[in-house]
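Peer 1: So you can see what is in the structure, the chains are spelled out below.
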Amino acid sequence: MDGSRPLFDWAFAWEILPHLLDALVVTVEAVAAGTVIALLLGLVWAILRRSSIATVRLAAHWLVELIRSTPLLIQLYVLYFILPDAGITLPPLLTGVLGLGLHYSCYMAEVYRAGIEAVPRGQWDAAIALGFSRAHTWRAIILPQAVARVVPALGNYVIAMFKDTPLLAAIAVSELLKTAKVIGAVHFRYLEPLTMVGVLFLILSLLASLGVRRLEKRYAVSHA
Amino acid sequence: MDLPAPLDLLPPLLEGLRVTLRLTLGGALVGVVAALLAGFGQLSKHAPLRWLSRGYVELFRGTSVLVQLFWLYFALPRFGLHISALSAGIFALGLNAGSYGAEVVRGAVLGVPRGQRDAATALGFSPWQIRWRIVFPQAARAMLPPAGNLVIELLKSSALASMITLSELTFQGQILRASTLRTVEIFGLVLLLYFAVAQLVSYGVRRLERSLEPGKAA
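Chains as they are written, first to last, in this note's numbering: chain A, 226 to 449; chain B, 39 to 256.
Some hints could be false.
Derived contacts from chain B toward chain A, CB cut-off under 8 Å, selection only [claimed, not checked]: (1) Leu-97; (2) Trp-109; (3) Thr-221; (4) Val-228; (5) Leu-229.
Sample of chain B residues lacking proximity to chain A, with all beta carbon distances greater than 12 Å (derived) [stated by the list, open to error]: (6) Arg-60; (7) Phe-78; (8) Trp-89; (9) Leu-90; (10) Arg-116; (11) Val-150; (12) Pro-165; (13) Arg-179; (14) Ala-197; (15) Gly-211; (16) Arg-248.
If you are wondering where the hints come from, they were derived from the structure by calculation, not from laboratory data. Beta carbons: idealized from backbone N, C-alpha and C, even for Gly.
Produce the complete structure using the sequences and hints provided.
Peer 2: Take a look at the structure:
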């Protein structure tokens, strides 16, 4: 019976590894697509929050505030259950990617904001003096400087997003954790799959942190 | 008791909110203790203590909180340790927040100017006094804003406890949705409740910050 098996069954762990790696691909895809959405949408929020129209500024501010201070899980449920009611049926993975992207866009908006505020006021004045339009000023002067400053901080949110992907299990996406739970339920052994998921997360996020640290160094040099 | 349209959903949701608040408070308590221990542990003179603290921080920051929750709830029983869903929730959320908090503690302690320590030594304070009467009070002020953010993060991650069958706010919302199918109203209310609690926390932290400003009696 089960009692004769070792506490941690290495053979079993080895056997389920390919399944977990398959699921890891789904996880990584979700993070990649979510990152693209978050980077773009975050920039939109950050720019809207500096709009010259007060209503737009306020609306963007409270939207970011609302999304940032409520759980991602509920936001996923909202997309998953309410979109079909509105006649929009998306596959679970796409719903999950949208949820991740939307949630993290609000964090990234704050990061961009810090970067934008760090651009000296004189840059705006100089652009006006040179007769640049507002859109041109954003594109050619402010954003290149603002974004370069905050690349490492943005990277940290990508790591955070990666660690939030298990939430997609709640809306039936077969990512890493969901796969581990299914394996656990089939074999009545949760220790190995769950531990291995933990180890996979640990390895990838440690590697990603190394990447962010390198980015930090690179962008620190270019500002010296 | 008959309440008008969306408000009739409130009583079961408020019941869930109570569990959410218990999780958040319990988790915060565990988190503060873990953060202080591991934060100071990382700055310790003793190498094993440093390694242990560092290991804890990397382990919990490097893995997903949901994985930690599942591990405590589903895998720990393999070692003969059965804990209730509520304890698993409180410990997973608390230890996760604590690992982020440890970095906050470490940063804040390192941020206290070196001269403060030197001055205290020159004035004949003992190392223990220096740590608790000179460095810690100054560091605590710097810890407060990021700690407040961590409590809000904790509040948000408490929604994950619904996935280990704890009937907190998100879980109650799900149950209610299954029985009434009033999805929009339910999730709208749930979002508003989380939002309100988060706003309360950040308001409280701002008040506390102001009362701890230098030159004011604490």
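Peer 1: A separate judgement is required for each hint: does it hold in the structure or not?
Peer 2: Hint-by-hint comparison with the structure:
no.: 1; hint: Leu-97; verdict: holds (7 Å)
no.: 2; hint: Trp-109; verdict: holds (5 Å)
no.: 3; hint: Thr-221; verdict: holds (5 Å)
no.: 4; hint: Val-228; verdict: holds (6 Å)
no.: 5; hint: Leu-229; verdict: holds (5 Å)
no.: 6; hint: Arg-60; verdict: holds (16 Å)
no.: 7; hint: Phe-78; verdict: holds (23 Å)
no.: 8; hint: Trp-89; verdict: holds (16 Å)
no.: 9; hint: Leu-90; verdict: holds (17 Å)
no.: 10; hint: Arg-116; verdict: violated (4 Å)
no.: 11; hint: Val-150; verdict: holds (24 Å)
no.: 12; hint: Pro-165; verdict: holds (33 Å)
no.: 13; hint: Arg-179; verdict: holds (21 Å)
no.: 14; hint: Ala-197; verdict: violated (4 Å)
no.: 15; hint: Gly-211; verdict: violated (7 Å)
no.: 16; hint: Arg-248; verdict: holds (21 Å)
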